[in-house]
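Novice: For the sequence shown, my numbering assigns the number 1 to the initial residue and increments by one for each residue that follows.
Bear in mind the hints are in silico, worked out from the structure with no lab data behind them.
The beta carbon of each residue, even a glycine, is placed where N, CA and C say it ideally should be.
Check before you lean on any hint, since a few could be wrong.
Simulated pairs of lysine to aspartate or glutamate, EDC-like, Cα-Cα distance not exceeding 20 Å [stated by the list, open to error]:
{"no.": "1", "residue 1": "Lys458", "residue 2": "Glu414"}
{"no.": "2", "residue 1": "Lys458", "residue 2": "Asp360"}
{"no.": "3", "residue 1": "Lys471", "residue 2": "Glu278"}
{"no.": "4", "residue 1": "Lys458", "residue 2": "Glu402"}
{"no.": "5", "residue 1": "Lys208", "residue 2": "Asp241"}
{"no.": "6", "residue 1": "Lys147", "residue 2": "Glu164"}
{"no.": "7", "residue 1": "Lys208", "residue 2": "Asp168"}
{"no.": "8", "residue 1": "Lys471", "residue 2": "Asp447"}
{"no.": "9", "residue 1": "Lys208", "residue 2": "Glu426"}
{"no.": "10", "residue 1": "Lys471", "residue 2": "Asp394"}
{"no.": "11", "residue 1": "Lys147", "residue 2": "Glu165"}
Restraint ranges, calculated between C-beta atoms of paired labels, are given here [said to hold, decoys possible]:
{"no.": "12", "residue 1": "Arg407", "residue 2": "Leu254", "range": "51 to 59 Å"}
{"no.": "13", "residue 1": "Thr46", "residue 2": "Leu315", "range": "17 to 25 Å"}
{"no.": "14", "residue 1": "Arg239", "residue 2": "Leu21", "range": "21 to 29 Å"}
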Amino acid sequence: MRPTPHALAGTETATLPGARLWMRRLLGDLRAGRSCLCLFPQAHLTGSPAAAEVLLDELLHELGDFVLVPAPGDGAPARSATPVPPPPVWSDPWGGMEPILDYDDGLSAFSGVRTRNAAVPQTRAAPAPEVRREDPGYHSLVDRIVKELGDSASGEDQWHNGTEEVLDRLTTAPTDPATARVIVVRGWQEPTPTAATDLLRRLSATVKAAGLPPEQRPRLLVLATSAGLPVELPEQIAREDVGVHWWWGALGRLDTAIVVAMTRPRPSGPAARHQLLEAVAQATVVEVCGPFLDLAARLAVEWDGLPDGLPAQLLRLTAGPEPDRVPVPGPRSTEPTGAPLHPNASLRPEWDRGALDRWDGRLRRRPDSGAESERSVRTRIWLAQNHALLPLLDEAREQFTEVIGIRSRISGPELAALYGRRAEMELGAMWHAHMQGHARLSQPEADRLRTLRACRNKLAHRTALDNTALKALVHVLCS
């Protein structure tokens, strides 16, 4: 039984080669002693199951030994989950200065308090140390980590004093089983988006100060979206001991081809012809849909494989209600030739919506119902046909040079002088030799050459084959 499009786009994504390679790089960083921040688009949290949760399950399976921090509310309420009111502000009539007496009561020699007339400069009392009141969401996260780690520390109550004690325990007892495991935080479940990244920063600084070797470093794996995080934060966090992994460019052409092949219904008809038509159809879905696997899976199931109906079918899928269509607000420029290694600030809104990714080394935007997108789709149909059919056309051309040699009415040197060497003769030159009477072809041979030449010329001029031309070419190539 073939998986449904939605199930494959979510559950099976983690098994694709591109996703496995992405996870392998992440696991390599963790095993090398580096903490990691993984950033997913917001669109990966939608659906059932959500793609981000599926990838997390696969990561945990590969890790084997880890501490998964529960979401707020999954267990007992954290003791610092509610905001702590600030201490009352007492009025200070002295403004921070020591009180000064206006008279000499005779005790100044004993008390050390000088009178104003002594003309000794007065010093301001040292202010009390400032108490840092962090976000309650940060305290809630630390408390949940304390609880998870404390439960595995033989009941010892060594974690009750908060962040500094947690960091101290993680870095001073690296051989403790409680600290040897990777601590996993799902940032999208935290009420404060920056709580997990703040802890990641502090742990990184503490590990660096402790000078621990890689095999003894405590590791924190934070999985999050960019929502609520400062734009510059991922670049600031990335350093020698912290790896930042974007879900960006993770999937490639092979991944989309696998999804399309798994979801396409089995065609019927003569074996050779339907196999070639199917190969062209699958290549077209891969080229048109790129990294958007949900769209590729649905198009693979619902499209009949003939090029004339593809724009209308794609329009129906992309112009419908959510989740078929992912809106991208505002104007946008044409696709550049290259793509950055991670989505910068200007690209992040589209990436977050699941409408933009890096695929095959280029920026790829999700097709929509706009005129610009329709032109891009037609270009991609041509690209797919060119990739799938051009090798077969070249093979057919080489085979037809033997026919021209047999049917030639002039000598071999004359034929080569007029139309080129037989091994290099193009389809157009063969057709010209036939029209000039220098090669006598039968009607079936002439029809075959005409079809090969016409289709080759269309593809050479960046024009996609329509239904009629494609069927005629497939018939010729398979006969």
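Novice: For every hint, state whether the structure bears it out.
Specialist: Status of the hints after comparison with the structure:
The hinted pair formed by Lys458 and Glu414 fails the criterion: a straight-line CA distance of about 30 Å is larger than 20 Å. A hinted pair counts as satisfied when its Cα atoms are at most 20 Å apart, and Lys458 with Asp360 does not qualify at roughly 25 Å. Only pairs whose Cα atoms come within 20 Å are accepted, and Lys471 paired with Glu278 is accepted, the gap being roughly 12 Å. Between the alpha carbons of Lys458 and Glu402 the distance comes to roughly 24 Å, so the proposed pair goes past 20 Å and is violated.
Proposed proximity of Lys208 and Asp241 is supported: the alpha carbons are some 8 Å apart, at most 20 Å. Between Lys147 and Glu164, the direct Cα distance comes to roughly 15 Å. Compliance with the 20 Å bound is thereby established for this hinted pair. This hinted pair checks out: Lys208 and Asp168 have alpha carbons roughly 12 Å apart, not beyond 20 Å. Restraint check: the Cα-Cα separation between Lys471 and Asp447 comes to about 14 Å, which is no more than 20 Å; the hinted pair holds.
Restraint check: the Cα-Cα separation between Lys208 and Glu426 comes to about 67 Å, which exceeds 20 Å; the hinted pair is violated. This hinted pair checks out: Lys471 and Asp394 have alpha carbons roughly 18 Å apart, not beyond 20 Å. Of the pairs offered as hints, the one joining Lys147 and Glu165 holds, with about 13 Å between alpha carbons and a cut-off of 20 Å not exceeded. For the pair Arg407 and Leu254, the supplied restraint of 51 to 59 Å is violated, since their beta-carbon distance comes to about 43 Å.
Distance hint for Thr46 and Leu315: a CB-CB separation of about 22 Å, consistent with the stated range 17 to 25 Å. At about 23 Å, the beta-carbon gap between Arg239 and Leu21 stays in the expected band of 21 to 29 Å.
Taken one by one, the earlier hints fail for this structure at numbers 1, 2, 4, 9 and 12, listed in ascending order.
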